[in-house]
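**Q** Sequence:
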Amino acid sequence: MERLEKGVAAAAKPVVKTAEDMFKDALQSLTGNYKDKQALQAEEAKKIQEARVRLAQINKEIVEARKKREHLPAAPEAQLLRAGQEKKVVEKQKKESVLAKMIKSRQGSKEAMQRASG
Numbered sequence: 033m034e035r036l037e038k039g040v041a042a043a044a045k046p047v048v049k050t051a052e053d054m055f056k057d058a059l060q061s062l063t064g065n066y067k068d069k070q071a072l073q074a075e076e077a078k079k080i081q082e083a084r085v086r087l088a089q090i091n092k093e094i095v096e097a098r099k100k101r102e103h104l105p106a107a108p109e110a111q112l113l114r115a116g117q118e119k120k121v122v123e124k125q126k127k128e129s130v131l132a133k134m135i136k137s138r139q140g141s142k143e144a145m146q147r148a149s150g
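Take 33 as the starting number for the sequence shown in the numbering used here and just add one per residue.
Source of the hints: derived by calculation from the structure; they are not laboratory data.
It should be emphasised that the depicted structure is a prediction, and the values quoted were computed from it without experimental measurement.
Misleading hints may appear alongside valid ones.
[To be verified] In silico DSS-like cross-links for lysine-lysine, where the CA-CA straight-line distance does not exceed 30 Å:
id: 1; residue 1: Lys56; residue 2: Lys69
id: 2; residue 1: Lys119; residue 2: Lys133
id: 3; residue 1: Lys69; residue 2: Lys79
id: 4; residue 1: Lys78; residue 2: Lys92
id: 5; residue 1: Lys100; residue 2: Lys119
id: 6; residue 1: Lys45; residue 2: Lys69
id: 7; residue 1: Lys56; residue 2: Lys92
id: 8; residue 1: Lys38; residue 2: Lys49
id: 9; residue 1: Lys92; residue 2: Lys120
Please work from the sequences and hints to get the whole structure.
**A** This is the structure:
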């Protein structure tokens, strides 16, 4: 009985190996991954490491930008001052346009009065 089992197992090994190879080939052709699992895991680990390095670099740049912002507090004040001056200029322009409208409306009413009086 054991001989029969060993014989069947020996005969089944090439069939199982062939089926395994066919399954791997089909899977690789569908997924496009022609590497073994260890190579894929190593590649993923490398990508993760690169992402960590990029994240560390971004964090470093953020810290440097914060330090620069803290060391230059006069710059925002100057920007606020410039914004206030620009706002005054815009208000002057608006006032002038209102004054110009009033003058135009008075001229129109003067002309209408002259026409009416004849």
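**Q** What's the verdict on Lys56 and Lys92, does the C-alpha distance respect the 30 Å limit or exceed it?
**A** At roughly 44 Å apart (the allowed maximum being 30 Å), Lys92 and Lys56 break the hint.
**Q** Are Lys45 and Lys69 close enough, with their CA atoms no more than 30 Å apart?
**A** Status holds; Cα separation ~23 Å.
**Q** CA of Lys56 to CA of Lys69, is that 30 Å or under?
**A** holds, 11 Å
**Q** Hint check: Lys100 vs Lys119, CA-CA at most 30 Å. Holds or violated?
**A** holds, 28 Å
**Q** Given the hint that Lys78 pairs with Lys92, test it: the Cα-Cα distance must not exceed 30 Å.
**A** holds, 21 Å
**Q** Measure nothing beyond the straight line between the CA atoms of Lys92 and Lys120; if it is 30 Å or shorter, mark the hint as holding.
**A** violated, 40 Å
**Q** When you check the alpha-carbon spacing of Lys119 and Lys133, does it fall within 30 Å?
**A** Given pair Lys119, Lys133 holds - Cα atoms ~21 Å apart, limit 30 Å.
**Q** Need the status of pair Lys38, Lys49: alpha-carbon distance at most 30 Å?
**A** holds, 17 Å
**Q** What's the verdict on Lys69 and Lys79, does the C-alpha distance respect the 30 Å limit or exceed it?
**A** holds, 15 Å
The structure fails hints 7, 9 (numbered hints given earlier, in ascending order).
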